[in-house]
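Protein chains: 2
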Amino acid sequence: MDLAAHLKARAETIEAALDRLVPPADAEPARLHQAMRYSLEAGGKRLRPALVLDACAGVGGDAEACLPTACAFECIHTYSLIHDDLPCMDDDDLRRGRPSCHKQFDEATALLAGDALLTLAFTLTASNATSLGAERANAATAVLAEAAGAAGMVGGQMIDLLSEGVAPSAELVETIHLKKTTALLRGAVVAGAVLGGASAAQVTALSRYGTCLGLSFQIIDDILDIVGDEAKLGKPVGSDEGHAKATWPAVMGIDASRRRAAELCEEALGALTEFGVEAEPLRALARYVVERDR
Amino acid sequence: MDLAAHLKARAETIEAALDRLVPPADAEPARLHQAMRYSLEAGGKRLRPALVLDACAGVGGDAEACLPTACAFECIHTYSLIHDDLPCMDDDDLRRGRPSCHKQFDEATALLAGDALLTLAFTLTASNATSLGAERANAATAVLAEAAGAAGMVGGQMIDLLSEGVAPSAELVETIHLKKTTALLRGAVVAGAVLGGASAAQVTALSRYGTCLGLSFQIIDDILDIVGDEAKLGKPVGSDEGHAKATWPAVMGIDASRRRAAELCEEALGALTEFGVEAEPLRALARYVVERDR
Chain A
46 MDLAAHLKAR
56 AETIEAALDR
66 LVPPADAEPA
76 RLHQAMRYSL
86 EAGGKRLRPA
96 LVLDACAGVG
106 GDAEACLPTA
116 CAFECIHTYS
126 LIHDDLPCMD
136 DDDLRRGRPS
146 CHKQFDEATA
156 LLAGDALLTL
166 AFTLTASNAT
176 SLGAERANAA
186 TAVLAEAAGA
196 AGMVGGQMID
206 LLSEGVAPSA
216 ELVETIHLKK
226 TTALLRGAVV
236 AGAVLGGASA
246 AQVTALSRYG
256 TCLGLSFQII
266 DDILDIVGDE
276 AKLGKPVGSD
286 EGHAKATWPA
296 VMGIDASRRR
306 AAELCEEALG
316 ALTEFGVEAE
326 PLRALARYVV
336 ERDR
Chain B
46 MDLAAHLKAR
56 AETIEAALDR
66 LVPPADAEPA
76 RLHQAMRYSL
86 EAGGKRLRPA
96 LVLDACAGVG
106 GDAEACLPTA
116 CAFECIHTYS
126 LIHDDLPCMD
136 DDDLRRGRPS
146 CHKQFDEATA
156 LLAGDALLTL
166 AFTLTASNAT
176 SLGAERANAA
186 TAVLAEAAGA
196 AGMVGGQMID
206 LLSEGVAPSA
216 ELVETIHLKK
226 TTALLRGAVV
236 AGAVLGGASA
246 AQVTALSRYG
256 TCLGLSFQII
266 DDILDIVGDE
276 AKLGKPVGSD
286 EGHAKATWPA
296 VMGIDASRRR
306 AAELCEEALG
316 ALTEFGVEAE
326 PLRALARYVV
336 ERDR
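From first to last, the protein sequence lines stand for chains A and B.
The opening residue of the first sequence carries number 46 in our numbering; numbering runs sequentially from there.
The opening residue of the second sequence carries number 46 in our numbering; numbering runs sequentially from there.
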């Protein structure tokens, strides 16, 4: 299958849904809605909402029917980037080549825009009851809140912050990745499965798939960062162990990290053995995640 | 009825439920959970969760069954205080006589603790499906998200920030109060009603009650602030119109504000005409809100 074309079509569907489901930029208070949309509209691969749709379709469900929840995952991802960029966190002035939300607006507005996107996500999951019933919508709310909260993404951020300056172990790196990035990616897959009417066995298999996909995604991300930095600096990075970041390549080296990502890809594909042709996009995504070069 | 005893019993029930439903302080990452509990356990009147329980009971529902959602409203209220106190917002070092969350911990931890409490709120509303079914739990999720988000509390914060230095009109003050504080108080009443199986007419009446209660609560809060400041300063405050805050007494004067609060109390009671003895705590609360001296 042509994954690039598939992802492009998914991104277009998702961006149209976001435009429809997020209040307009001139809704009062306009500055808040402008900041929310500024960050939502910054682009990106729309990987999390695509996973909701593809997991739903993968179990024979109607992908279009779970667009509200797909958009909810993108709202959560976007809020996390806005809050991460704040001065008290990573203090990043740029995001995807544009001023980060607090540089384009101001810190208070960015804080509130993040809070509003986080809250909007649950307006969206709850609204999925209209197309798929309260039982499934409520399950999607639970999956998203668990993935995004203290046991998942926010907890991973906290552990990452607490680990600054600590020499990272493989165990610490895996803990951070499981929570900080994998939890939301796996949550997207599980939410899509639940909304699509998956059996318990299918949910378990797709949860396994999501975990492997999420971990391999993060490993490759970290490798691409290092390769990019080395290209810029003209010398190998990561040799100063005292300042090693909590990443796979920093702890295991690049070659071992690539092997681990390839193993995780195989495990992700293995989790889909019982699935039919409807899961082909999920299989292609697992391969893409480890083969991509950006 | 003895409202003080009733509120005390409610607060004890709610605090026990919070202790049960919020992850323990030693759950990993411990610092995050400690910060969440530090702010949740700071006390306060527990007015929002009490309103969830009393509205549920007021329509003949089982108040205990909606404790998860009651706790969700307290999580939202607490997160809003943590984020409000941050340096980029009100920059308050103290909250209820103790160091605010970012002073006791640090800014990044306070930001994340707020995010985690906001997210936990929706784990809690979704979990209310166990006792009351997915339909009602999902409705509670929708009510809470609407009340707390850009159309409600967060939007009110934004408008309040944007209004700094602007001479406030009665209209602006009402808009800020309707969103910043009333939305969540009304949301608590409506969520309790929905969880208790209220009819559409009952939801409409209780929404009206919640609006009047919320507005009168804020008016009295603002009066008590001024009276407190005057006692401390030994002179009338609010005379410098250029620095008038967006409050009822600053715009209308204290006497007119007290009259408005009393009218709203009557309107709140009027909304409950069709309700029976089960709504007696709601009636007592409406009176208490305007008669209290702190």
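Don't read these hints as lab results, they were simulated from the structure.
Keep in mind that a hint or two might mislead.
The list cannot tell twin chains apart, which means a pair is met if one copy fits it or any two copies do.
[Unchecked claim] Within a straight-line C-alpha distance of at most 25 Å, the following computed SDA-like cross-link-like pairs (lysine to any residue) qualify:
#1 Lys148 to Arg304
#2 Lys290 to Ala75
#3 Lys148 to Glu325
#4 Lys148 to Asp135
#5 Lys148 to Glu319
#6 Lys53 to Leu207
#7 Lys53 to Ser214
#8 Lys290 to Glu73
#9 Lys148 to Val211
#10 Lys148 to Glu308
#11 Lys53 to Met134
#12 Lys53 to Asp151
#13 Lys290 to Asp151
#14 Lys148 to Ala301
#15 Lys148 to Met134
#16 Lys148 to Glu216
#17 Lys290 to Arg140
#18 Lys290 to Ala54
#19 Lys148 to Cys133
#20 Lys90 to Leu66
#21 Lys290 to Ala49
#22 Lys148 to Ile299
#23 Lys90 to Leu207
#24 Lys290 to Phe150
#25 Lys148 to Asp136
#26 Lys53 to Asp137
Just so we're clear, the structure is a prediction, and the values are computed from it rather than from any experiment.
Now for the hints, and whether the structure bears them out:
1. Lys148 to Arg304: Answer is neither; intra-copy 39 Å and inter-copy 45 Å both fail.
2. Lys290 to Ala75: between (39 Å within a copy, 22 Å between copies)
3. Lys148 to Glu325: Cα proximity of Lys148 and Glu325: none, with 41 Å in one copy and 51 Å across.
4. Lys148 to Asp135: Answer is both: 13 Å inside a copy and 19 Å across each meet the 25 Å cutoff.
5. Lys148 to Glu319: neither (48 Å within a copy, 53 Å between copies)
6. Lys53 to Leu207: neither (37 Å within a copy, 39 Å between copies)
7. Lys53 to Ser214: This pair counts as neither: shortest intra-copy Cα distance 38 Å, inter-copy 49 Å.
8. Lys290 to Glu73: Cα proximity of Lys290 and Glu73: across copies only (21 Å, versus 42 Å in one copy).
9. Lys148 to Val211: Cα proximity of Lys148 and Val211: across copies only (24 Å, versus 30 Å in one copy).
10. Lys148 to Glu308: Neither. Shortest intra-copy (40 Å) and inter-copy (45 Å) distances fail the 25 Å Cα cut-off.
11. Lys53 to Met134: neither (32 Å within a copy, 39 Å between copies)
12. Lys53 to Asp151: neither (32 Å within a copy, 41 Å between copies)
13. Lys290 to Asp151: between (29 Å within a copy, 22 Å between copies)
14. Lys148 to Ala301: neither (38 Å within a copy, 43 Å between copies)
15. Lys148 to Met134: Cα proximity of Lys148 and Met134: in one copy and across copies (14 Å, 16 Å).
16. Lys148 to Glu216: The answer is neither: 36 Å in one copy and 31 Å across copies each exceed 25 Å.
17. Lys290 to Arg140: Within one copy only: 20 Å inside, 36 Å across.
18. Lys290 to Ala54: Neither: 36 Å inside a copy, 50 Å across copies.
19. Lys148 to Cys133: both (14 Å within a copy, 13 Å between copies)
20. Lys90 to Leu66: Answer is within; shortest intra-copy Cα gap is 19 Å, inter-copy 36 Å.
21. Lys290 to Ala49: Cα proximity of Lys290 and Ala49: none, with 31 Å in one copy and 55 Å across.
22. Lys148 to Ile299: For Lys148 and Ile299, the Cα distance exceeds 25 Å both inside one copy (34 Å) and across copies (41 Å).
23. Lys90 to Leu207: neither (29 Å within a copy, 34 Å between copies)
24. Lys290 to Phe150: between (30 Å within a copy, 24 Å between copies)
25. Lys148 to Asp136: both (10 Å within a copy, 19 Å between copies)
26. Lys53 to Asp137: Neither: 28 Å inside a copy, 46 Å across copies.
Violated hints, listed in ascending order, are 1, 3, 5, 6, 7, 10, 11, 12, 14, 16, 18, 21, 22, 23, 26; each of the other numbered hints is respected by the structure.
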